[in-house]
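Given next are the chains, with one letter for each unit.
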Amino acid sequence: MSGSTHHGNGRHWPLAIIPLSLFLFFTTLIGRVGHGDTPLWSWAWVPQLNITFSFHVDGLALLMALIISGVGTLIFIYASSYMAGDPQINRFYAILTFFMLAMLGVVLADNIVLLFVFWELTSISSYLLIGFKHEKADSQRSALQALLVTGSGGMCLMAGLVLLGLAADSWQLSEIIYLGEQIQSSALYLPALILVLLGAFTKSAQFPFHFWLPNAMAAPTPVSAYLHSATMVKAGVYLLARLNPALGQNDIWFYTLVIFGGFTGLLGGWLAWQQVDLKRIMAYSTVSALGVLVFLIGLGNAYAYEAAMVFLLVHSLYKGALFMTAGAIDHSTGTRDIRQLGGLMRAMPYTFVGVLLATTSMAGVPPLLGFVGKELIYKATVESYTGSVYVTLTAVVTNILVVGAGAIILFVPFLKKQPADNPPPHHPHPAPLTMWLGPIVLGTAALLSGLFVGSEFFSEILMGSAISSLAGQPQEVHLHLIPLVWDIVPLLSLITVALGLAVYAVHARFRDPMQTLNGRVSRFGPENGYFGLLDGILWFAGRVTRLLQNGYLRNYIMMIAFTFFGLVGGYSLIGRIGLHPSPLNLRPYELIVGLIIILATLFILQTGSRLGAVIGLGVIGYSIAYFYLFFGAPDLAMTQFSVETLTVILFVLVLFRLPRFLSLTDTVTKVRDGIVATAVGLTMTLLVLTDLDVPTNLEIANYYAAEAYKLAHGRNVVNVILVDFRGLDTLVEVTVLAVAALGVYALIKATRRYLPHPSHPSHPTEQFDEDTRTPEKR
Amino acid sequence: MIQSLILRTAIRYLFPLLLLFALFLLLRGHYLPGGGFVASLVASAAFALVMFGFGVEHARELLRLHPLELIGTGLIAVVSSALLAPLFFQKPFMTGLWLDGLHIPAIGTLGSPLLFDIGVFLAVLGVVLHIIFTLAEAVQEEGEFNE
Chain A
1 MSGSTHHGNG RHWPLAIIPL SLFLFFTTLI GRVGHGDTPL WSWAWVPQLN ITFSFHVDGL
61 ALLMALIISG VGTLIFIYAS SYMAGDPQIN RFYAILTFFM LAMLGVVLAD NIVLLFVFWE
121 LTSISSYLLI GFKHEKADSQ RSALQALLVT GSGGMCLMAG LVLLGLAADS WQLSEIIYLG
181 EQIQSSALYL PALILVLLGA FTKSAQFPFH FWLPNAMAAP TPVSAYLHSA TMVKAGVYLL
241 ARLNPALGQN DIWFYTLVIF GGFTGLLGGW LAWQQVDLKR IMAYSTVSAL GVLVFLIGLG
301 NAYAYEAAMV FLLVHSLYKG ALFMTAGAID HSTGTRDIRQ LGGLMRAMPY TFVGVLLATT
361 SMAGVPPLLG FVGKELIYKA TVESYTGSVY VTLTAVVTNI LVVGAGAIIL FVPFLKKQPA
421 DNPPPHHPHP APLTMWLGPI VLGTAALLSG LFVGSEFFSE ILMGSAISSL AGQPQEVHLH
481 LIPLVWDIVP LLSLITVALG LAVYAVHARF RDPMQTLNGR VSRFGPENGY FGLLDGILWF
541 AGRVTRLLQN GYLRNYIMMI AFTFFGLVGG YSLIGRIGLH PSPLNLRPYE LIVGLIIILA
601 TLFILQTGSR LGAVIGLGVI GYSIAYFYLF FGAPDLAMTQ FSVETLTVIL FVLVLFRLPR
661 FLSLTDTVTK VRDGIVATAV GLTMTLLVLT DLDVPTNLEI ANYYAAEAYK LAHGRNVVNV
721 ILVDFRGLDT LVEVTVLAVA ALGVYALIKA TRRYLPHPSH PSHPTEQFDE DTRTPEKR
Chain B
779 MIQSLILRTA IRYLFPLLLL FALFLLLRGH YLPGGGFVAS LVASAAFALV MFGFGVEHAR
839 ELLRLHPLEL IGTGLIAVVS SALLAPLFFQ KPFMTGLWLD GLHIPAIGTL GSPLLFDIGV
899 FLAVLGVVLH IIFTLAEAVQ EEGEFNE
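In order, the protein sequence lines correspond to chains A and B.
Residue numbers for the first sequence follow my numbering, so the first one is 1 and each next one is one higher.
Residue numbers for the second sequence follow my numbering, so the first one is 779 and each next one is one higher.
Hint data in this document are derived by calculation from the structure and do not stem from the laboratory.
The reader is advised that the hints may include incorrect statements.
Claimed, not checked - Here's a subset of chain B near chain A, in silico, CB distances under 8 angstroms, partners left out:
no., residue
1, Pro811
2, Gly833
3, Leu853
4, Gly874
5, Ala901
6, Ile909
Stated by the list, open to error - No more than 20 angstroms apart at the CA atoms, straight line, and that leaves these computed lysine to aspartate or glutamate pairs for EDC-like:
no., chain 1, residue 1, chain 2, residue 2
7, A, Lys710, B, Asp878
8, A, Lys133, A, Asp169
9, A, Lys749, B, Glu919
10, A, Lys749, B, Glu915
11, A, Lys749, A, Asp86
12, A, Lys417, A, Asp337
13, A, Lys749, B, Glu920
14, A, Lys749, B, Asp878
15, A, Lys749, B, Glu835
Stated by the list, open to error - Over 12 angstroms on every C-beta distance to chain A, these chain B residues come out as not near it, computed from the model:
no., residue
16, Ile784
17, Thr787
18, Glu839
19, Val856
20, Thr887
Quick reminder that beta carbons are idealized off the backbone N, C-alpha and C, glycines included.
Excised from the complex, chain B in its bound form:
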């Protein structure tokens, strides 16, 4: 934890902005530069900032879900987007499905690849945060041990 007023104030504004940016990257990914992977890295950076400014506990509270839950949800989303086609439409595993005709600005046509990308986003976010939080806690405990 870094006791800096400037950093903390900046984080208060940066955190929501970064998360919004991550969402933006995630949704536009299919048409313009972006995508679930980059979006998850940006979101992880947002939580890492909070961790540096306010401590791991605070970052964990802000996340609400345990990173492992994010990983699990992400993997389920990825697999279920792949399973939609064989389960409901008699098409081979991982066939992309599209709601043709429905065109949403910025996102484009809704389809199973978006669910897939959301899954990638959640799983990678979970992976990165699980590692960062664990490392940070290990550092913290050792620091206390030294004192």
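Same shape as in the complex, but just chain A:
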């Protein structure tokens, strides 16, 4: 992976102009939004379904957009050297850009259907990026796990958003947030809430769905820094913050979010200090931070809203910086294992400055912004409306553990002496400019925003408008670096840092025993549940497949025939009773073609050659095309002719691969097949006759015929329907065809080794049942 042979800055950093220009665009909006204006752009998309392509920018959206484009700029620069030399670097930047636009879509979308579309796009780009090194089994597994967890959550979210839209009778978020009372008195409120929470919790890695996030560290480090700490995992938090005015500010919301968020915060912090991989330490502390954010949104008092928004920014700044550093260390030394690292302060001085600023902010030490964030968190818990001491205790213990994790990240690789008995694979060298720029810029941002936290620009305009969006009404926000009142809060901060350093002091001694213990506990953990579920589904699918698709083509056909007969046969038999047969007015050429069809059928039944049977079927197909012609459907006839031709070609190609024509059927089977065939034929005949007796509703047909030229400028109604009136169907059908082509390709390429040889006819079921057997055995 991060081959430490590349020292340069790479060639792709100029691409950072894309996120940078977006960032500059969003900065121009700060003034407008800060004064209460919310710019809205809207295009009609599917007006019939109330789906619009609309974006609005309020304080919350703008804060997120600035983080996404700002951190994105630094990540684009950083990845230039991190990914240098990777043969797929262009693909990497393409997916990264795709992700960034999707993520901006999530936070800016005003229509909830649009929000969902972008939400899913972020899951897909995350899947592609986690599995970027797709030849590694580890990456494949982690990518699939992230996709399945966030994807199932996405399904829940879709249902939840639809219910929300129905309850609010509006599909625009800018309206929904003012309809809180109406939504919460609706019977749909509870199901909508549960489904939306499932969506948000899976995306933002809340317990019990947290396990995918540490595994997502299989992604290249720029991805971990960008998607899995600063932006994408915050989508769930964003959604909760966005919907807080509509769904929240009641008891269910309070208890669910505080309990799940609080527990996730504790769990993440608890697991973070026990790790030896730098990226995993950071991943678990991200889980912890996401828990804290959910916890704060649930607390729902004025301080909690301030804390949530400030901590959101704090975490994006320091965690983005730390992940970039972990990648730089990996690049420089060839390892991220803290047991092999030490003394990097001299070797990587600029990286050290970045880490120093980031971990100081993480630990909540003044004058960095992290300090302000932590003070507000404590203030919020002290002022919480239950006033429970457990709420405060949760926050304090979580922060102690996070301080411990931060201390490990700063002290072990940079300040401690290099362990002599366990050196890293490479002698460390300084990181190139593109690799230390990001951490330093983010760290400096945390420092400056901490120093000037009280300024009107930061406190009232930027943060104030975001906090107002979260609260659902304008908030008076005045942030301070130095506490105004010396109550219990600064004392808690002191205790936190002191005990956090104590965690650092003992972490190495307790790490190994804790990991053994965790191994035992995790047997009952949610990740094992995930694997159990996955295995169960595969087992069930295997059984069903073995039952329905046993390798005998004739069994498939019989299954289809029986289903058809069962579903339709009874209906058409009943439908026939009491109906008079229509008089037959056959024209002579119709009779001739009909006879040809019957003759061809008889020929197929008795022929001993496959090729003969295929040609017989072709004759039937062409004859049916004649019938289309007779009844004035030249389009259908033409299509039928072409399809028949191609089917014969496909048949001929496949025939080569089949064993010789064998007579595997005995008399009993033949009788059985005859009965099935007769039943199906009879059903079909009766169905057609019934259909003729039912009066046709011509309204739609007449509408199409009348409007085809007026609306769609076409005289060929069939084609107008295909490409215009029902163009969406065609669009999806073509896509399905494309996927089918890929499937056929994969099947042929993947199974060819196991297919029976033309010269060695053998039992097909055996081949499919034991397809894991090595082909050499035959």
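Following the hints, put chain B in place on chain A, whose structure we already have.
Relative to chain A, chain B alone:
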């Protein structure tokens, strides 16, 4: 591959004719029987003929593009014809757009549905040829394996 002089000679004449016929079907589709789907089937038949007469490699060379590229181009054309209206004309997704006044013989009025139909043509052609070529190559390899 079939080593027949008659077949090969016939294919030399049939191939361009079939392709022209496919183009004809594609362009007239909006007014008269035809359309992208049928046209793509006729074009696929043309390439299948070449495949039978001269082998898969030759048919692939004649196509120049990989079938997957055709599928991709086709899907892009289909989606972009649907996106033209919302992107440039402030109209809902998939609204048909027409160059009124410009009337070309045989094609009729130019509009986004023609682009849509061309997309369908390319995508379906790609799908059919991808399947046929893959199958033919599998048969060929197995044949060699037998010898």
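Cross-check of the supplied hints:
no.	hint	verdict
1	Pro811	holds (4 angstroms)
2	Gly833	violated (13 angstroms)
3	Leu853	holds (6 angstroms)
4	Gly874	holds (5 angstroms)
5	Ala901	holds (5 angstroms)
6	Ile909	holds (5 angstroms)
7	A:Lys710 to B:Asp878	holds (12 angstroms)
8	A:Lys133 to A:Asp169	violated (45 angstroms)
9	A:Lys749 to B:Glu919	holds (11 angstroms)
10	A:Lys749 to B:Glu915	holds (10 angstroms)
11	A:Lys749 to A:Asp86	violated (28 angstroms)
12	A:Lys417 to A:Asp337	holds (15 angstroms)
13	A:Lys749 to B:Glu920	holds (12 angstroms)
14	A:Lys749 to B:Asp878	violated (49 angstroms)
15	A:Lys749 to B:Glu835	holds (17 angstroms)
16	Ile784	holds (18 angstroms)
17	Thr787	holds (20 angstroms)
18	Glu839	holds (19 angstroms)
19	Val856	violated (5 angstroms)
20	Thr887	violated (5 angstroms)
The structure shown violates the earlier hints numbered 2, 8, 11, 14, 19, 20.
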